[in-house]
Structure formats: C-alpha cells, structure tokens
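*Asks:* So the sequences go chain by chain: A and B.
Residue 285, in my numbering, is where the first sequence stops; the numbers in between run on with no holes.
Residue 392, in my numbering, is where the second sequence stops; the numbers in between run on with no holes.
By construction, these hints were calculated from the structure, which means they are not laboratory data.
Backbone N, C-alpha and C define an ideal beta-carbon position, used for all residues, glycine too.
None of the hints are false.
Below, a list of computed lysine-lysine pairs in the BS3-like style, where the Cα atoms sit at most 25 Å apart:
#  : chain 1 : residue 1 : chain 2 : residue 2
1  : A       : Lys67     : B       : Lys314
2  : B       : Lys382    : B       : Lys354
3  : B       : Lys382    : A       : Lys247
4  : A       : Lys67     : B       : Lys328
5  : A       : Lys67     : A       : Lys45
6  : A       : Lys213    : A       : Lys247
7  : A       : Lys210    : A       : Lys130
8  : A       : Lys37     : A       : Lys67
9  : A       : Lys210    : A       : Lys247
10 : A       : Lys130    : B       : Lys328
11 : B       : Lys305    : A       : Lys67
12 : A       : Lys45     : A       : Lys31
13 : B       : Lys328    : B       : Lys305
14 : A       : Lys130    : A       : Lys31
Anything over 12 Å on all C-beta distances counts as not near chain A; from chain B, calculated:
#  : residue
15 : Asp290
16 : Gly309
17 : Ala351
18 : Asp355
Listed below are the residues making up each chain.
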Amino acid sequence: MQKSLQAIIDSMSDLPSMPDILEELFRVTNKPTCSSKDVARVLEKDQGLTAKLLRVANSPFYGLSRKVDTVERACTVLGLNSVKNMALSVTIMDVFGSVGARSSFDVVEMWRHNLGCAVAAKTVFETRFKSGDDVFVGGILHDIGKIILDTYMQDEYFDVMKVHNSGVTLLDSEIRVLGRTHAAVGRILARRWRFPENVEAMIAFHHRPKDTKVAIEQVSAVHVGNEIAKALMLGRSNEMLVMPIDKSCWDMFFNSGDDLVQLLLRIQEEFSQIEDAYGLRPKNG
Amino acid sequence: MREQDTSNLVPGMRLARDVKDASGMVMVKEGTVLSDGIIAGLKRRGVSSVMVEASDDKTGAAMDTAELKDKILEQMEILRPLFSRCSNMEWMASLMKAAASARARRH
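Turn these sequences into a full structure, and let the hints steer you where they fit.
*Replies:* Quick look at the structure:
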C-alpha cells in the first residue's frame, strides 16, 4: 500500500511550476537596493493579484487609517517584506485554492484553518520577537502538503482519511499509507519553488519543531499557532484534534503569569478582521 | 473607561469611543480591539490619545458574570473531546481553559 517518496514526487510532476510573478518578485526583493517602485512594477503586471493585494492591505487587520490604492503606496506604508509576503500568500491560495471535484476534506475550511494558524502564529511570535511577517506566511503555507496530496494523489489521500477516520492520528495515517507526512510533501514544493529557507523550515518542521536547523523561533511559533487555531476552532483542519504542543516551544512564548485569554481574544478578533479580505468567511457565519 | 495616550496603547485594548479625525470622520470604530497595525495607524495619523475600556471592564462588560460562567462551561464541553489527546498536560489544559473563555466571550 505504501508509496515511496520517489513515487510521490513522480506523481507530482504535473505540479504547477512556480508562477513567473513570484520568481520575479523574489529576484527583485533579494536585491539590497529594492524599492517600493520595483515591487509595484512586478506585482502590478497582474491586475487580479493587485486587486486582491489591495483588498488585504485595506482590511482592518492592518489598521490603515487611509485607504491605499496602489501597490507602491502599500509598500511605503506597510513595508516591502509585508507586501512581498502578502503577494506570496495570495498567489499560492490562487494556484492551490480552487476546490477539487472530489476533495477528501473541506478545502475552504482548510484555508481558513491555515489563515487562523497564520494569525495565531504571528501574534504568538510577536509576544517575544519583532516582526512576525514571515511567520504569517509560514502559517498560511504550513499545510500546503495536504492541499497537494488532496489535489494530486486523491485516491491515496482518500485512503489516508479512511485510516484517520478509524481513530488513528492524521500523521500516523499518512505515514501508514504514504510513508510520508504532508509536511515532507510540502517541503518538496518549497524546494521546487525555491521558497526562502525559513519558510521551507516552517512547512517541513511544524510538527517536530526541535528537528529544524534554521529559524527555530519561527518554526516553534507555527507549531504553537497550529494548535491554537484548532483550539479556537478557526477554520477546520482535517485533523480536528488538538495535538500536544512541545513544552519547550510553549515555554518559549508563555510564562505562567501571562494573560492567555487576552492573547486568544486578540487572535480571534484579528482573524475575523482578515478572513473577509481573503474571501474566506463562511456563508453561514 | 479611561483616556490613554497613543504612545501607551497595547494590542488587545478595546476602544470605548469612536476615534474621529479633525473633520469628524470616524477612523476606527468603538469596540474595536486594537492590533499593532491599528495602533501604528493611529500614531501615523497624529492621534494623541483615545478612550479605551478600563482593564476590569475590557471583556464581557455587557455580559453578566453568571451568564459568562455558563457560556464558558458550554465551551469547555465542546472543547474537551478536541483535547482528548493532551488534556493531561498542564500547559495544554491551560490552553483549553483559556480557549473556552475566549470563545465564550465571543459567542
């Protein structure tokens, strides 16, 4: 029943290639002299992307008092890294966001979970460290492997869900059927699309944060944010159970005297501020 | 409710009054929970102070204590099965309680 990693990679040969616009964006933003104008020139080639970006930038989540109506202005006000990360999230959700004909889970709820994880991870990270922009992207992308498996290996992922529904954890079910977890599959995409090293680490190690060799604080924040999103029921992952958070990751962000309720209230509030902008609010909510 | 200098605002505080600009246009609505982004926006716009809810009335002010308690218990019942694999760990139990409390205040 089990497939080798090579078989998985082979069956992913029809994975979409990295969109040109991201390739160009990474190239431009890697230059030390990169300016708001450079970023705007790249992103504004795609009008659909630009419209979505501006909708996200103008959501209450970013708290801008005056509407921004150009990418250049968004870069000036929010910062280049913020806009770059926004473009990455929006593009990936575009490429992988369409609902498959017969998905083994609710894809919209899965993206809401990813967004919930992103908001939670960023908020948690910023209690101790500066700028959680990269962590936000890591949160959006942490389960990209599940989306890929659900899209490109539907039969096998149905088998995974069958095992999972019999009471086995999702990770164990994936290993039993595929010999690999969604985290390892997500990493394949991260490498193929040449994601920054820290983003690759957040995807690959969000379930075993201690094994990462880079960006341990960011990986830990996504590990914690993932379970917080489940605890607050922000969206719905195909693993609904809250899994134990690694104690050392927990201790990295929380002291016993911290007001955890206040932090969770903020996460709930910020999530509701941003889910509309990503077009993810459920119809009955 | 109390007046708070913009420079001392902390994410999580809740606005007790609308924040308006010089022309009377509402910039941020009453009841908004402040995030880093909103605070930065207020500073950029040169707002010197805002009215925020005092810490003892910042959550569930309108909800009476008994009702809130019931709602928290209700949420605990919803969350308990989700935490079945980890509620014996002290830090996970504290996360479950805090999540129940946060959800009760929102729902």
